[in-house]
Amino acid sequence: MSAGKAGPRAVIIGMPGAGKTRVGRMAAGILDMPFKDADQEVERVAGRSIAEIMETDGEPAFRRVEQEVVCRLLKGFNGGLFALGGGSPMTTEVYEGLMAYRGRGGVIIYLDADPDEAAARAAHGSKRPLLARDAIGRWKRLYEERRPIYESLATISLPSYGSSPKAMAGRLAEALNERLVHITGSDPYDVRIGPGVSSRLRTLLGEQVLRVALIHTRPVQRHADHARALLRQGGYRVSDITIPDAEAGKTVQVADGVWNRLAEDGFTRSDAVVGLGGGAATDLAGFVAASWMRGIPYVNCPTSLLAMVDASAGGKTGVNTPQGKNLVGAFYTPRGVLADLKTLRTLPREIFVEGLGEVVKCGFIMDQSILDLLWAHRDELRGFTGRESDEWIEEVPGELVERSVTVKAGYVSLDLRESGPREFLNYGHTLGHAIEQVEHFSWRHGQAVAVGMVFAAELSSILGYAERDLVVEHRELVEALGLRTSWSGGSWERVLDLMHRDKKARGDKLRFIILDGRGHPTHLDDPPEDAVREAFERIRK
2 MSAGKAGPRA VIIGMPGAGK TRVGRMAAGI LDMPFKDADQ EVERVAGRSI
52 AEIMETDGEP AFRRVEQEVV CRLLKGFNGG LFALGGGSPM TTEVYEGLMA
102 YRGRGGVIIY LDADPDEAAA RAAHGSKRPL LARDAIGRWK RLYEERRPIY
152 ESLATISLPS YGSSPKAMAG RLAEALNERL VHITGSDPYD VRIGPGVSSR
202 LRTLLGEQVL RVALIHTRPV QRHADHARAL LRQGGYRVSD ITIPDAEAGK
252 TVQVADGVWN RLAEDGFTRS DAVVGLGGGA ATDLAGFVAA SWMRGIPYVN
302 CPTSLLAMVD ASAGGKTGVN TPQGKNLVGA FYTPRGVLAD LKTLRTLPRE
352 IFVEGLGEVV KCGFIMDQSI LDLLWAHRDE LRGFTGRESD EWIEEVPGEL
402 VERSVTVKAG YVSLDLRESG PREFLNYGHT LGHAIEQVEH FSWRHGQAVA
452 VGMVFAAELS SILGYAERDL VVEHRELVEA LGLRTSWSGG SWERVLDLMH
502 RDKKARGDKL RFIILDGRGH PTHLDDPPED AVREAFERIR K
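First residue of the sequence shown: 2, per my numbering; consecutive thereafter.
Calculated directly from the structure, the hints in this document are not laboratory data.
Computed from a predicted model, the values in this text were never measured in an experiment.
Take these hints with a grain of salt, some might be off.
Derived lysine-lysine pairs resembling DSS-like cross-links, with alpha carbons at most 25 Å apart [stated by the list, open to error]:
no. : residue 1 : residue 2
1   : Lys343    : Lys167
2   : Lys37     : Lys76
3   : Lys37     : Lys167
Label-pair ranges, simulated between beta-carbon atoms [to be verified]:
no. : residue 1 : residue 2 : range
4   : Gly138    : Glu392    : 39 to 49 Å
5   : Arg541    : Glu265    : 47 to 57 Å
6   : Leu211    : Glu530    : 49 to 59 Å
7   : Glu146    : Gly236    : 18 to 28 Å
8   : Pro245    : Val473    : 35 to 45 Å
9   : Glu146    : Lys76     : 21 to 31 Å
Cβ atoms here follow ideal geometry from the backbone N, Cα and C, with glycine treated the same way.
The whole structure should be built from the sequences, with the hints applied where relevant.
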């Protein structure tokens with residue numbers, strides 16, 4: 002919610018005993034913001050306790066006072082956390098007020114408590130007259146009635162199963178600091194970016210899913226262990242599937258092994274896939290989900306900068322073949338993407354830096370602010386160690402991820418199947434993919450794309466589409482970030498053959514994405530071969 006809009010920063014809803022007041026007050030302390038509790042406000046306004054109101058005047062009178070207090074605070078309490086009583090959203094006026102608040106961009110957080118734990122706490126509460134008799138049984142009946150209402154209102158659901166109030170407060174604070182990019186289209190979904198967003202796995206998968214295939218690589222084992230624990234706490238049966246790292250895991254043979262495992266474990270259309278790792282792992286997981294029984298749900302949890310800004314969002318899934326990269330695949334959208342910035346801390350420096358190649362691309366094809374951020378923080382980004390402060394990781398990489406995904410969302414929402422504008426996201430990829438192929442994927446994707454962008458800028462300049470200073474900016478920024486600007490690998494004949502096999506090629510004609518000035522990508526069809534070769538020779542130096 003942006004500054005200046007009336008209403009709280011977030012409203013907390015949930016059953017009695019879920020910890021709304023305690024967790025909300027602790028989270029407000031972490032975030033240094035005001036906190037109000039609806040029950041306490043009702044008692045202040047009425048001048049007596051809720052129990053006394055209920056006993057003397059009855060529940061309808063209590064609900065009238067509660068409705069008045071809550072609706073007033075939804076409009077006038079600015080910038081803090083506001084915890085509601087468990088039954089408050091069941092009132093028509095409050096429900097409509099919450100929906101209007103949500104429509105203004107407000108955040109509604111549902112604390113989804115473990116029924117046994119919360120019911121026991123509620124049974125011993127001193128301010129819960131509705132639960133006085135048959136407390137635990139009454140609580141569980143109310144839970145079944147109210148849960149669909151809570152879920153329909155919530156913008157964020159936080160399961161609290163087995164978590165301490167302190168841990169829940171930390172997760173709530175993290176949730177309020179997250180960034181969100183919505184990708185529209187026929188199957189819309191959200192990309193959530195921030196520390197701790199992986200805790201939303203259960204919310205994205207939902208209750209209809211029975212089994213989950215957790216597909217990951219060995220280098221991200223610690224993150225896979227965390228995801229597996231979250232899934233099991235949510236009651237899912239988890240099939241843990243480890244695939245080879247990087248491009249070695251993105252083959253038809255690896256996909257076939259995963260299909261066999263799904264068959265052995267009895268996966269049906271009521272089950273789902275979670276892809277966790279770098280770009281190759283999320284590509285493979287998405288392809289498996291798209292092809293198993295003609296499509297089952299999947300969620301991507303990217304753990305590298307490259308995967309966060311590129312591979313995990315957009316719905317492009319696929320595998321490589323000996324003849325080329327991404328030649329076999331499908332367009333298939335995930336239920337959501339959870340880009341947990343905490344995972345960046347575990348990246349080796351060279352893996353973090355290569356992800357900047359795709360970030361630079363987004364800056365040159367659309368968003369000048371990305372280029373400004375990269376220039377301003379080039380030394381810190383190039384020297385990334387994982388020991389940087391939480392604030393820096395949230396502010397600098399967090400904003401770069403959000404802006405890059407926003408660029409991608411703009412193109413994907415218009416062109417899911419890459420038949421037109423979405424091809425602009427392939428800036429630098431025609432030569433980049435050829436480099437990866439010649440080098441047998443020993444080059445990281447972001448490094449290959451960096452050289453590919455310098456090549457494309459050179460080609461733009463040679464043919465008069467862009468000024469020479471744009472080429473210079475490419476070379477200087479790419480180098481300043483620790484990315485490569487040249488390549489001295491395969492022969493011209495070999496590279497030309499591979500570029501003819503690129504997905505953008507039409508018949509026997511080459512097709513490139515170049516820049517007609519900064520922020521203005523365009524298609525270049527069938528350019529003169531001598532110009533293409535000259536650009537190629539310029540990146541050999």
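Going down the list of hints, with the structure as the test:
Among the hinted pairs, Lys343 with Lys167 is consistent with the structure: their alpha-carbon atoms are about 19 Å apart, no more than 25 Å. For the given pair, Lys37 sits about 13 Å from Lys76 by alpha-carbon distance, which is consistent with the 25 Å threshold. The straight-line distance between the Cα atoms of Lys37 and Lys167 is roughly 18 Å, inside the 25 Å bound, and the hint therefore holds. For the pair Gly138 and Glu392, the supplied restraint of 39 to 49 Å holds, since their beta-carbon distance comes to about 47 Å.
The given range of 47 to 57 Å is respected by Arg541 and Glu265, whose C-beta atoms sit roughly 50 Å from each other. Taking the beta carbon of each, Leu211 and Glu530 are about 56 Å apart, inside 49 to 59 Å as hinted. Taken as a hint, the range 18 to 28 Å holds for the pair Glu146 and Gly236, whose Cβ atoms sit roughly 21 Å apart. At about 40 Å, the beta-carbon gap between Pro245 and Val473 stays in the expected band of 35 to 45 Å.
The hinted range of 21 to 31 Å is satisfied by Glu146 and Lys76, whose Cβ atoms lie roughly 27 Å apart.
Of the hints listed earlier, there is not a single one the structure fails to meet.
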